[in-house]
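S.K.: In case you want the letters, here they are:
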Amino acid sequence: MIDNILNGFSISLTSANILYCFLGVLVGTLVGILPGLGPSATISLLLPVTFYLGPSPAIIVLSGVYYGAMYGGSTTSILVNIPGEAASVVTCLDGYQMARQGRAGPALGIAAFGSFIAGTLSVVGLMIAAPPIAKFALRFGPPEYFSLIFMAFSMVIYLASGSLLKAVMVMSAGVFLGTIGIDFVTGEERFVYGNLTLSDGIGLVPVVMGLFGIAEVLENLEKEAAKITIVKPKMKNLLPTLSDWKASIGPIFRGTFLGFFLGTLPGGGAIMGSFASYALEKKISKKPEQFGKGAIEGVAGPESANNAASTSNFIPLLTLGMPANAVMALLLGALMIHGVRPGPSLINDYPDIFWGVVTSMYLGNIMLVILNVPMIGLWVRLLSIPYRILFPLIIFFCVVGAYSLNNNIWEIIIMIIFGIIGYIMRKFKYEAAPFTFAFVLGPLLEESLRQSLLMSEGTVGIFFTRPISCTLMVIGIVLFFIQASPQFKRKQLRGYIMSIF
Amino acid sequence: MKKVYVIFLVCLITLIVSGFFLDVVASDFPTRPIEITSPNAPGGGMDFINTLFKGGVEKILKQPIIITYKTGAAGMTGTLYVKGLKSDGYSLLAASISTFVLPPLTRKTADYTFDDFTPICNLSTTPLALCVKEDSPYKTMREFIQAAKTKKMQYATHGAFTTAHITVEALGKVAGFQPLHIPHKGAAAAMTAALGGHVDLACAATTSFVGPGKLRLLAVASDKRLESHPEVPTLKELDYPNMGQVYYSIWGPKGIPEGIVSTIYEGYVKAFQQNREEMTRIANGQDHTILLLNSKELRKTFQEQHDFYKKFLAEYK
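In order, the protein sequences belong to chains A and B.
Under the numbering used here, think of the first position of the first sequence as 1, with each following residue one higher.
Under the numbering used here, think of the first position of the second sequence as 1, with each following residue one higher.
This is chain A alone, in the form it adopts within the complex (with noise of 0.2 Å):
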């Protein structure tokens, strides 16, 4: 094993590849800050050039690119309410609460050290347990994915500082947004209307740039921002306080781990792994009234998790050559087209690779931190320059990031729609982060589900006959009731007194 690492380490700090990893960082931290362009169609766009690179350098790029995207995508979270990813939403809840309050040194502070720890924990992780997570991992089969997922929902009422009505309604509608597109067991499309574009379903980043970055700007707008900023520069506090670090350091942790183990499982791994920190967080905290209004733990955790799980997404691929999302895939590739067979044996095959791979991972983490940190200063005073300046930049950015998806202006479209859709939402008091959970989670969702029913024949005690499957469904059913109970109590209570009248 220490042979392995010192052989890894031994590729990965040759001078040619350590330039490689501060480029793709560099590149990725960019690229997560631009609302839009992620990480997918920027390594879609490297691809071509890495391949005059052999397969170390070029897998060292790429993978540079995309985590360090997960620490970009923090930034604007915080600053301005949009994520540059599904698993960034939930950084917003907190994170731009706390901007708005003038802490956001404090909060770009604790996001990028948390994904430096988790990152690097993660990373350690992988080279000790790759191997054995992945055949745990091999274990979910639809039944398994389909609990995870059921207990998920469970949790994600957390996430609701409101009404839970409002929550349970708004979650039912992002399922049934979901369903768009075209059904993956029959073929059949689905509310598709002969719209090729809505063929592939709703995109979620057009979706979820126009609920949380459009509708925060009419928001605003709407309160003579003209006239206001977003913050009152308070520049002595730009790093998180002594008190900050000691609320952050459980979540850190407790994110690393979840969003470590979720993120080896194909899908939504690293959405699963940040929606659950935050629930996670808030249920075990001793204020949960804050989370929502500026709670440091409701960063701290989120993206710690969602930078664990950036890491452990590598584990499928690098031990089974699956992909567990898009970006993997696009790996996957890049590791094709230079004649690396991925699959089950390719830490043995190619030691090379994976070693040197995992090593630079470290490196990357390092140099994301030594970047990130001196730039939250600067980040911090972009909040300083007047609304009426920075919102049409911020719409500007928008509008280039759907468009530079897939170069169709339907996806403009899609996003100003959700934007007025979100403004509407606020009005009304029902949130759009529920919403965006069910709305990524819910194809999933009914994917196993009807695998699993295909694979049962129809009857639904396969959900209870696995172990791991009715270990999940059974946590989920009952974390559903203990939730619903305080109110169905209530209700009981007052039901029972006017009967005795």
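No lab work stands behind these hints, which were simulated from the structure alone.
Check the hints yourself; a few may be wrong.
Simulated pairs of lysine-lysine, BS3-like, Cα-Cα distance not exceeding 25 Å [as the list claims (entries may be wrong)]: (1) 135/A with 185/B; (2) 214/B with 135/A; (3) 133/B with 135/A.
Everything numeric in this text was worked out from a predicted model, so none of it was measured.
Given chain A, put chain B in place with the hints provided.
M.R.: Frame of chain A; chain B shown alone:
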């Protein structure tokens, strides 16, 4: 004075008129970069084979080849995009059976047929792999089929109405068993399902999961046995329908002049000839068998495949 103007006018007219002929003269083609639109996302088999040929063809044709991606709707977005482009040979389409033949047979929004395009050349084929878990009791395809007649087998593929799905259903019809399809999202997901024991059989276009400690390859859907696994029979040898392999090819919008079509085809042939061994090695490493077909052969092959699938889809539905 007037003479000067007349001469000037004549020169101008000559230049303008000759401009009309520039595009049509095949021997001058290409004079600017050629763009190949790929309807699949970068990093897949389509991307792989096009990138493999790109360097060599660029040297022969002396013009850059740019691969752009227009993904979406199971390949329809890119295909429909190229349908409407100019037939001057500079805008081409990378097409596979999955993006070109199947959508018109299975979807209403696939508003195209072969006649809307000009076939240019075929690049390669990849087989489908039918795999079971290594510790599965079935060591050959025949054993599996025998058992499938009594026990309802569940199989994973990379999607509904893909080559893999239709192939296994056709196999079932001919061999006399009724399998249950569990669609997955992508080849890796399907293979992993078999690896985890959640399904009995996986059928998809990848052999990366075959080997000790992983999956056992029972049969391949291919014209010839694979070089990497010469002991595994093809479906054809076992007297089952020879379908499922994916052909990767280049087409263009309707009406490209024959001269230009052959220039492009010759470009690919020469590129392969010059670097035969290396390209074959890399291609085989990813289970691509390089198979260069010219325009007519390509049209014929795709038509055959189209008829195959149409027949089985009709029976299946």
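S.K.: Against the structure, test the hints numbered earlier, and report the numbers of the ones violated in rising order.
M.R.: Of the numbered hints, all hold.
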